[in-house]
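Colleague: Chain by chain, the residues:
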Amino acid sequence: MTILRLNGASRSVTATPDTPLLYVLRDELGLHGAKFGCGLGQCGACTVLLDDRPVFSCLTPLGSVGDRLVTTVEGLGSESAPGRMQSAFAAEQAAQCGYCIAGMIMRAEGLLRRNPKPSEAEIRTALAPNLCRCGTHMRILRAVRRAAGTAT
Amino acid sequence: MSELQSPEVSDLIFASKVRHTPVFSQDGERIGHVEDLALEKIAGRVAYAILSFGGFLGMGEKYHPLPWSVLNYDTRLGGYVVPLDKDQLKNAPSYELAELGDLGESERYREAIFAYYGPFGAMPYWMNPGRARRVLAGALIGAAIGLSASTAAAPARERAPLIQPEGTGAGLAAIGGCQGCHTSANGAPFAGGRAFATPFGAIYSTNITPDKDRGIGGWTAADFQRAMTQGIGPHGQRYYPVFPYPHFAFASRADIAAIYDYLRTVPPAPAQQPTNRMVPPFGLRSMLIGWQALYLRSVAPNTEGLDAQARRGAELVAGLGHCGACHTPHNALGAEDAAHPLAGAMAEGWYAPPLQGDSPAPSPWTADELETYLRTGISDRHQAAAGPMGAVARELAQAPEPEVRAMAIYLSGLMRPSKPRDPVDQASAAARIWPEGARVYASACANCHEPGAGMVRFERPSLALGTPLDEDRPTDVIMILLNGLDPTPEKAGPFMPSFADNLTDAQLLQLTGYLRARFSRDPAWRDLDGAVRAARKAAA
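Protein chains in written order, with numbering that gives the first Met the number 0: chain A, 0 to 151; chain B, 0 to 539.
I should point out that these hints are in silico values taken from the structure, not numbers from a laboratory.
The structure displayed is predicted, hence computed values, not measured ones.
Glycine included, every Cβ here is placed at the ideal spot set by N, Cα and C.
Hints should not be assumed to be uniformly reliable.
[What the hints assert, rightly or not] Here are some of the chain A residues that sit facing chain B, going by a computed Cβ distance under 8 Å: (1) Thr18; (2) Pro19; (3) Arg52; (4) Phe55; (5) Pro128.
Extracted from the complex, chain A is given alone in its bound form (with noise of 0.2 Å):
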């Protein structure tokens, strides 16, 4: 039994703990914002934030969470009541299939809530790690630059 801090609430999971974190969310509590891409560790489509930063699920153990506040795609808003960063990408369209955009926007967000003002390089190497196949990234650039108010 391992006990969670999940988006605001606590969770109680009985998944072993070297279950990857992903599965954990995916198929024990069903929350399926955080996809499954490569289980490398290479695309990002799995990305949720522990306390503020950004990290691959698909490679996190349950067990090395511990009393991290964990923070996925759901835990930023709702369809009625979006987070800022939701709210950026849906202005901005920046979704063509999808796949990849709660990790996207997981990543931005952590990166905002470390350096709320990035410059356009400091967001370019922060979304490195999240890969797009459908070729949104111009959109998804507008769209954090839109969060962080620095939309030109």
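Chain B: place on chain A using the hints.
Modeller: Positioned in the frame of chain A, the structure of chain B alone reads:
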């Protein structure tokens, strides 16, 4: 004859305009004038400008044949500037009027003249420029090879030592790693500003673009030679030894001249590097005079019994490549331990392993494998280059292939294995000692690294083949886990994600212990706890 008035704005100039044009030393001192030009009879190229000093420097009535390629017209001075100072000109080959007539009769003249002016950028007039640089550089590498064997009929390619490649300055600059150190994270290439944390304070690399004010646009070739080999700037300022001039002192003058030529072609950038933040008293540059006197000590590599190619490799490893800057232990004052070259040392939080008989590599480095590793950052019988070595490999990918081959031949000879053995995989024994490490491995590592995993099937090497797990300390293993491999955007190369935010310190410790027990025959590392803390600090 109106067309005679302005052709020098194009690529031609009339001899009548050249005669009697004043010539200045690099210090701007007028030292004489062009008395005549010597043309190559058949090809029609200008071989020499014959300088008359008119006794100006007390040199009597001797004439100096100056290779045409060292003359640069300076519109401000209204004359030619040569990249030599007065004394250097004084010592240059010179001839009485009577002897001057024999200049084209014997190759010994041109050999003497170009051997002298080669380091100042002279291009042999009897070759085309591409070949000239190659052969000239070769001539200066060793006495055994070079121009003495040349004849007018033999093509330059055959005379050129096979190890000296398309010796462009760009390729040599890549071996020197110039760009890696002289470029900041988001800065223009070669514009400097990258910070180096040294025990003596933070030192920023300088702007080496041709910008006149902020870069080295105002430097002569001789200034550059002096800075590279003596650590002294054009105004006499001393450089900190984080700039590896003690190594560059081993580089041939021709190689350095080629790099100088190349750096003059990169886009100038007006970037000013931040002011160094030195720990007192190290901020006093005058102190560096003593420091340099103590530590600019060059111990030549032992090249006894090596063939020309391996000798070239030794020159590059000890010189331009400055491998010892990371791989040779340093003393408390930052000087390399001359008694233990390439014996392994800490560098930027990483451990640069021994590159000689103590190499811990579990499978011996052959020249072929090392060449592949140096040029691609990965070898299928070893592992991927990590940490600062990743950046080195990215630069060496731009270097001339024969040069990297020469380095690989020399280094693989140095690393003759002292303890060759087969790779091991003791999975169940390791899991008994480090159960938590085995669990972390299963959830975070196995997807890529377990035998049969996709990455391994696609010819990525087994962890058992990597050097870090056989090193005498766990530093590199933990640093790789914390930093990943090459997470820099827009750079090609082997990739591994960072686990700094995924794993706790306790898990890092368990995982490191497990990996060592599973994939190495060597005894368990001591003080993993301290090593994890040190690596966290270095990676922060």
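Colleague: Give a verdict on every hint.
Modeller: So, going through the hints one by one against the coordinates:
1. Nearest Cβ of chain B to the Cβ of A:Thr18: about 7 Å, under the 8 Å cut. The hint holds.
2. A distance limit of 8 Å between C-beta atoms decides the matter here; for A:Pro19 the minimum to chain B is near 5 Å, and the interface restraint holds.
3. The interface hint given for A:Arg52 holds, since its Cβ lies 4 Å from the closest Cβ of chain B, which is under the 8 Å cut-off.
4. At a threshold of 8 Å, the smallest CB-CB gap from A:Phe55 to chain B is about 6 Å, leaving the interface hint in force.
5. Because the beta carbon of A:Pro128 sits about 7 Å from the nearest beta carbon in chain B, less than 8 Å, this interface hint is met.
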